[in-house]
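Peer 1: The primary structure of each chain is shown beneath.
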Amino acid sequence: MDLTFNESESAFRDELRDWIKANHPGEEPAGEDEGYAFRRDWQRQLYKAGWAAVHWPTEYGGRDATLVEAAIFNEELARARAPFPANVLGLLLAGPTLMTWGTDEQRQRYLDPIMSGDEIWCQGFSEPEAGSDLASLKSKAVRDGDDWLVTGQKVWTSGAQYSKWCMLVARTDFDAPKHKGLTYFILDMEQEGVEIRPLRQITGDSEFNELFLENARIPAENVVGGAGNGWTVALTTLMNERAGLAFGLQVGMTVALDELTEQLAAAGKLDDPMIADELGALRIKCEILRLTAYRGLTATMKYGQPGPEGSLTKWMWSQGNQELMQFATKALGPQALTGSSTWGRAMLRSRGNSIEGGTTEVLKNIIAERVLGLPRKK
Amino acid sequence: MDLTFNESESAFRDELRDWIKANHPGEEPAGEDEGYAFRRDWQRQLYKAGWAAVHWPTEYGGRDATLVEAAIFNEELARARAPFPANVLGLLLAGPTLMTWGTDEQRQRYLDPIMSGDEIWCQGFSEPEAGSDLASLKSKAVRDGDDWLVTGQKVWTSGAQYSKWCMLVARTDFDAPKHKGLTYFILDMEQEGVEIRPLRQITGDSEFNELFLENARIPAENVVGGAGNGWTVALTTLMNERAGLAFGLQVGMTVALDELTEQLAAAGKLDDPMIADELGALRIKCEILRLTAYRGLTATMKYGQPGPEGSLTKWMWSQGNQELMQFATKALGPQALTGSSTWGRAMLRSRGNSIEGGTTEVLKNIIAERVLGLPRKK
Amino acid sequence: MNFDFTEDQHEIKRTARELLAKRSGPEQVREAAEGEAYDMSLFVELRKLGWTGIAIDEQYGGAGLGVVELMILCEELGYALAASPFLANALGGLMIEHAGSDDQRAKWLPGIASGEATATVAFASGGTAQVVPDADGAAVIVLIEGDEATLIARDDAQVEPLITIDPTRRYARVSASGGEPLPGDVASALARAEVALSAEMVGIAQRTQEMAIEYAKERKQFDTPIGAFQAISHRCAQMLFDTEGARSATYFGGWAADADESQLAFAAAIAKAAASEAALSVTASSIQVHGGIGFTWEADVHWFFKRAQLDATMLGGTGKQRARVTQLTAASLATAGAA
Amino acid sequence: MNFDFTEDQHEIKRTARELLAKRSGPEQVREAAEGEAYDMSLFVELRKLGWTGIAIDEQYGGAGLGVVELMILCEELGYALAASPFLANALGGLMIEHAGSDDQRAKWLPGIASGEATATVAFASGGTAQVVPDADGAAVIVLIEGDEATLIARDDAQVEPLITIDPTRRYARVSASGGEPLPGDVASALARAEVALSAEMVGIAQRTQEMAIEYAKERKQFDTPIGAFQAISHRCAQMLFDTEGARSATYFGGWAADADESQLAFAAAIAKAAASEAALSVTASSIQVHGGIGFTWEADVHWFFKRAQLDATMLGGTGKQRARVTQLTAASLATAGAA
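Chains as they are written, first to last, in this note's numbering: chain A, 57 to 434; chain B, 57 to 434; chain C, 323 to 661; chain D, 323 to 661.
The hints are simulated quantities; they were obtained by calculation from the structure and are not laboratory data.
Keep in mind it's a predicted model, so treat the numbers as computed, not measured.
Just so you know, nobody snuck in bad clues.
Below, computed lysine to aspartate or glutamate pairings styled on EDC-like, alpha-carbon distance capped at 16 Å: (1) K236/B / D189/B; (2) K539/D / E425/A; (3) K344/C / E367/C; (4) K358/B / D326/C; (5) K433/B / D545/C; (6) K642/C / E334/B; (7) K196/A / E185/A; (8) K542/D / D189/B; (9) K358/B / E329/C; (10) K433/A / D545/C; (11) K234/B / D545/D; (12) K196/B / E185/B; (13) K358/A / E329/D.
So here's chain A without its partners, still in its complex pose:
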């Protein structure tokens, strides 16, 4: 057991840290479009220096970074309060999915523009009627000569307005059972059959969109992993989502908790035993999340998959982050709920944590059935 970074991990961290220090782009500008452009520029900068996709194999332009190094990458970015690259879904989800399931031509065509940020990707899985029950999705794709024509509706598509490509899952066989008959496509967003409508969240922001597809055209060579194999391919994407994002989120929670602790200390509130107690409880949760995430990484590196602890980090994070934000707005007083504070909005945003990327209820089902081996709900 060695919870320090080994020599090569340390070297990786030091090199990265120096590079970020020298190249930090400053604070993200206000405004959604401005922020996006800023993060896209930042990705281009990372790309030029070879930092955009550290976890990708070197043959695709990555650094073949270990899981620990990839974690370090997220930690360092967050600690330096540097932005994350714009094309996060491309880097974490689309890229790895194409590496596993794509054809040589697809890899050749798509991977480099993902890394450079030249082509942004979004994800078209969720539908209004198929939330937790992804396999029941209804968007349908029918053959039209060499192409497929897709019609349907998607939701929770973040970054759609900036995207060139969409990882799309649609139903291609209506006679097959629910999980069969789905196909995974690469959809060109720049066409008439694709309409994007921003989906406003309770914060007032629109991180997400609805996607309306009407006979959107997809050439046959844009099928990933073969027709009818979409469920399996989508699972690859989802696995990457869970593994890749958890680490960044953990760091985000630590940064927020540090900030809160500093603010409460500055306000002289740490002498209040109730505040010290709740803050301690949150710190414990935050550390446990960090430690459990690292345990999962080690298990994955040594045994090819995380142990039971690997299924817990998303849940730990969403619960911990919600408690953190609720506590922050309580401990800092009602001013934290006004426009002059960022905490109120962060607290609102945190309500989505237990819903996005798999509701906590569905996560518990998965843990009960797959990790604990309890009988499946009937």
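Following the hints, complete the assembly by docking chains B, C and D onto the known chain A.
Peer 2: Relative to chain A, chains B, C and D alone:
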């Protein structure tokens, strides 16, 4: 709205309070048998003064007390730290069930000895395989001339060793669906076919027993509410259990919380903000339980049934009491877990609160389906 | 012992429910919230109906009814999430009526009762109250600092309107020096205000509970209404648990305010604590039951969640109430023990 | 970064699991608990295997391994709920080895390492420790009061055996005046003891979680294994959540004790807090999953619940740990800010 006692309620309370003061039997002796004999004597004393079954109609020897007066009876007993009468299941469950479903002969025969404590009653519903799922019970009764012969096993039968009669539910029709085909009997405990084995709890005490029945004989006239109608009759008993017991339990929790508050005050611990906070939270729960129980009484008296709040008191009590006991042993320090303290044992006993008389899980199902109208689990 | 409303009180409740269903439906609440402005015609209607003066003495133009009747209205206004300065005005009115001098009452209560010159109240520290409901439109502001309360005419205060996360109500920061002290029993006036505020939160919890249950019956996942899954149905049962508990405590507070002052401090503390916790947990839980939809601006549940956040902080949070409950019970046990 | 045991450590864990399955199965635990006496042949076997000296320096007859190896044994002993003075002896040994003088070490550690003259440790107030594990059979007792620790030979202490709710372990009240102070770093020795104690609680949580899951797969109600109901299955998932979280924290503590003293105070505090909460909640939850059966003496789950209650209070409760975590992080953030 009037949360004070009206004139007749006050008169009832004053008369009772004076009587208890004059007749208080002192502290219950140690030893299970000794304690039981003591409570049986106490019941005889209550009976002679007309206080044993205040909630029964006058025609059966009660006082036709209102629900509020019955609540006052329990409150006053608890506040005076006087024991509850020995035949509590007879008074609260068997008596009212016989009044609703019994024949004239049955009422004539059984009610007075219930009240006097001459004949103690126990309840034979639960079975090892049928816990939360009462309707799946397997004890079977078959006709033998004018009698029934019952074979099977019952659990959680409190007071069986002192009982003359048992409210027994057994299956009499094996072709009928689960809820049909049950019959409610009055079983004579003093016979060869009935074997009682004490069931030890985690506290080390044996409040409960297992009952082994092998061709136990029941004359046909001891069927209550007609053969095949046992499920409906048993529900009457269970409704009385929930309504009648909740009030006494609420008072028990208040008494314990008062005692804890006094002990913590004496130890100078109320100045600890953490302790004051948790104690305040518990007091709030305790008061809410009391208030909600009274709301349920009012609704039942005015509209014939409690509102949605009526389903909550058992759950409120079990959760509150468990938290109270866990907090007590924490706040009083490890001494509370030693033999010189009653808190450790009370804490252990409280683990049963969320199981006995319907698990919290089953209560939530009932609330969801019957109160909130949510669809039934499939 | 009768823990139920009178027929008249039930009638007030029914009338309020029906009126507000028409006048403060989801669309109207949304319009007010998105416009960050009240539909003042609603408030005018409430004024004309005499709601603003319901608990104010007849000599000042009120209806002379009690805190129980006011509580019923506040619960229904919370249930409807009505966007109006009603609550702040009622809370300020309670302070002045129950802790003010005769002169102060005579000067301010008529305007509060008619709703033409409204009041508000908030906790302050060093002469500044950070987040005060409806202060900008008020005629008079009561600031409570420690055990003292001060009455300040709007024009003598610095009032700086604020954006908060709750756009269904207007808030402002208020600073003032001077003002007139309220000479009466500030604690007992404040307790009444806490009860009225608690009632709004009970209404919020009730409504979001109903929204969750309705959604859980309709929404299907895995070919089953989600309300058939215990993860959802038990969560809904928990909402009932929280809401009904808060209701029991709040009604006790209303009764104590009108009928038994000796229990008022205790009752108000448990009401405020229970109603705050219920409103916070039930609204959050309702968002969760609604899933992704609940996280969108288009669903209505977030307005309730946001209002609950601000309400829960008003007039002191749960921690303060719990400590007070312990103080009060320890004192009463000590008295009983000494007697 | 490698958050996993070495092959040797895995081997220690496997060996301990196998041995204890044979030597401390449910029947043996029950016999010891009901008899309120240890099976001393088990302790003799652990001594012979060198477990008692696993983390003690070789010069005192120990194996010279680290807190990580000790932690592994403690977790397995908790998993088996072994009835033996092992834990108290190990905790006392950590105190003397890491805070004692050379003379104290030389005098006591050989007996502790061999298990022939055992130690124990507890918090005291005014010279009295209310509930001390295995004090009556110990040769030496360490009492911690404030920041100081005192070493007392058994014969110089008043030791009064106690009945507690946990009959799987012997406890006593200890009073003493005088004794020798431990001159070294008491806080860091205590942190090691907290980690070892936490490991026992992780083992308890792990075992009762497994018992619940096994029962939930087998027990049927409404013609369905109860583990198919979310009320049960989600409760089991919560047990995993609590147990694995406590394990992450405890292993961090073990590593910090052996490899990074600068993180030890922090790591031990989160380990003790998380493991206490996990052991309390998982054992209570496991009783609930077992339903009526879980409330009977005949089921085994209550022994674990009872041990957890005593363990959680040992060496200071969760409240103390949380406050310490906040102190430590505030200080480290202030340092980082100043740098």
